[in-house]
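Visitor: One letter stands for each residue in the lines below.
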Amino acid sequence: MADDNGGRDVAAAPESRGAAHPVNAVARVDSGSTVSAGTAVVPRDALQNPGLPPHRPRVTDVDPKKERTAERWVYSLFYLSLAGSLFTIVAYFAFPIEENSPASTRANNLALGIGISLALMALGIAVVHWSKTLMSNHEMIDQRHVTSGSPETRARAVQIFDEANKESGLGRRAVLRNSLIGALVVFPLPAIVLFRDLYPGTAPEPVSQLSHTMWEEGMRLARDPSGTPIRAADVTLGSVFHVIPEGLEEAEHKLEEKAKAAVLLMRLRPSDLNELPERQGWSYDGIVAYSKICTHVGCPVALYEQVTHHLLCPCHQSEFDVTNHCEVIFGPAARPLPQLPISVDAEGYLIAQSDFTEPVGPSFWERASVDND
Amino acid sequence: MTAAASSYLDDRTSISAVVKEFGRKIFPDHWSFMLGEVALYSFVVILLTGSWLTFFFDPSMTEVDYEGSFVPLKGVEMSAAMASSLDISFDIRGGLLMRQMHHWAALLFIASIGLHMLRIYFTGAFRKPRELNWVIGFVLFILAMAEGFTGYSLPDDLLSGNGLRIIDGMVKGIPVIGTWISFLLFGGEFPGTVIIPRLYTLHILLLPAVIVALIALHLVFVVVHKHTQFAGPGKTNQNVVGVPILPTFAAKAGGFFFIVFGVIALMATFFTINPIWNYGPYDPSPVSAGTQPDWYIGFADGALRLIPPGLEFDFLERTYSFNILIPMAALGLFIVLAMIYPFIEYWITGDKREHHLLDRPRNAPVRTAIGAAGVTFYGVLWAAASSDLMATHFHVAVEHVIHTLQALVFLAPVIAFIVTKRICLALQKKDREIALHGFESGRIVKLPGGEFIEVHEQLDEYERWKLVSYTDYAPLMIRPNSRGKITVAQRARAGVSRWFFEDRIAPVASKDLEVSHDNTH
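Chains as they are written, first to last, in this note's numbering: chain Z, 809 to 1181; chain F, 5 to 525.
Keep in mind that the hints were calculated from the coordinates and are not lab data.
Incorrect hints may appear among the rest.
Said to hold, decoys possible - With a straight-line Cα cutoff of 25 Å, these simulated DSS-like cross-link-like pairs (lysine-lysine) come out:
(1) 1062/Z <-> 78/F
(2) 470/F <-> 132/F
(3) 489/F <-> 132/F
(4) 425/F <-> 470/F
(5) 24/F <-> 940/Z
(6) 489/F <-> 356/F
Generate coordinates for the entire structure from the input sequences, incorporating the hints supplied.
Guide: Structure representation (structure tokens):
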């Protein structure tokens, strides 16, 4: 890193002109060592580097009037910056935030922002303008050196390691060295164990939690977010309801339960539904309920296209066909949305016949082993 | 007075040696060298505004009733993180400005790192001795995205929760450990009550500490290697031509810091970013159509969208989610290839010399074409993250948009490669033509015989030097090694080398110039 010439001004040193070599000059940095140029073509008759072109003075270098103008600009901008900073301080008090007044928040943001921006921009532009118009712009040259240390330095480094090895006996005393390596390899392992309780050890197995939701036999379907139960008669043909289990508001882990139990409810013409024989009776008079949680990565499948009976996930555009048990017809999801078997109770409210019969939401490694029946 | 003070300081620190060593160190000048500076300065702004924000932000998922100034959400139940983010936005003077400056600076940080990397790549600045610094920079790019994502999650608004939901879904798709990683991360089932404080620790402590350390290392290497410079008259591989740190470079860089700072402040003043009050608190059930991640996550989100249906299989009671694994693997491969590219090119050329002169992109046609292919691949994935918006804006079916992008993700990089390589070669030919025969002056002359010709003017030697000074590589010839064998590795290297260098335009040599001048006279 030692720059022996410390940035000599070449404009005053024309003898450096033409001293440099063209394409094959690359090798010079590495001169003294045998460094391969690989498949690079090193032509013998390449053109010569003409050296730095003559320095061209700027208008501020030759015209004192322009120089004074530039100077005036710079100090004016410094004063402008100063004014901007002072304005910001005044504005902090002059534009208070009043309760329940978004306009006051906006005014405060605007005033402070304009003041700070002015202070910063004017300061920055002034310094850059100063450097570009008034500071010397003569090209200067540093010499480069090979990045590697000199042969002597490298030899000394090797020697130091050698001496350290001898003095410590690291190479000689194999038992000491190997046991040291053993201890060093094992010492970080407790740290890994310490992370185990990021998920508390007393909590139930993950798989069991992912396999069930809060739905159970007889639980009413309620509107999201009000929580009022839904009568089958309220569900008109073509409508869609965002559904949560009744009593979710009182649940202990409300958001976690909701992230699994959210359901979409739609009513189609019963003749439009192609129901599998084993799922006969899971719907009620054309009303079907499917998990709202996408089987891809878990976004809420919130968009229902009434005409085609397709559900669309707004995150990654997976499409599900409600008439065919929400099978995937497009997009990255691989599995149909799980169906919630429903029925009505004596008062005409929609209820669940049971929990989902498979885990809802995104796939996980152990999913295929879950047997809900 | 100054002398006394500096003497006092030097007596206790030996600082004069530092000033002597670095005070007149030369920095070359080019507009593209500012991109890294923009990254550095926006990081400083992030640190300043971020520290301020920590004094008011409450990284807790405890449910509270919002009682702040934003009327539409009054009384709504939300996490303390969301409520304090709203307080910062509406009830603390300058809070909205600081929040928006923090977010804009973060976006600028990642954007400028990306552009800086493209500059390094397309000019070959990653070559020996700078390969390791390229890797450090690349790690910084990834860490910057991690900082961005953790920060995006902290306010616990609807969109940030939805982003975490997607991460959770992706993590669960990892074989063997996915389910457990998800439960350890969220401290139980998604969303849980610990993810925000955990991300907060990463966001304000761990990640920034690593980033600061790596930036320091990155800059130490810039000093050790000295800055690269473009080829030009007077510039060689052994020198650095430019301005000294004191005063000119320090003034330009220092002034530029305030300009970057000011631009960020200006953006925060006039342009809303991440209006969490419109989204509301996180709830697993609602989501709005057309939601987008912050721009730098787009390529990953797009990769997820391009997977066709049905790529998930059950085998031996275990679930293999290739719809998640394929995009993750593709992105991983893309990132690793870009990260190790300097070592690949080093192996192909076998050029073990140091390179301090930058290439013009046209003078390394295949490298430039590979870069263009990579940028195109990234661009298609990025576009895919807006597939739904393209469908609604241009009134086309989202299925058609996806199918088009699925084809483009394979085709477009190939097309970009071929077109870019041809453009580079054509530009090289044009350079060669101009270096040999000069440029058209626009002056038409009628010869005595009645023939009209346009007079060509020769370049001066400085202009010509810019066109002819570049390193040219020839394809590797297979030769037996010292034991008379041709190894498989050498065959592979020769194959790639041919692919890289078979089409080449040699730089003009003095012989060519003499011949051309003889012809014109």
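Visitor: For each hint, tell me whether it holds in the structure or not.
Guide: Going down the list of hints, with the structure as the test:
no. : hint            : result
1   : 1062/Z <-> 78/F : holds (20 Å)
2   : 470/F <-> 132/F : holds (22 Å)
3   : 489/F <-> 132/F : violated (29 Å)
4   : 425/F <-> 470/F : holds (20 Å)
5   : 24/F <-> 940/Z  : holds (24 Å)
6   : 489/F <-> 356/F : holds (23 Å)
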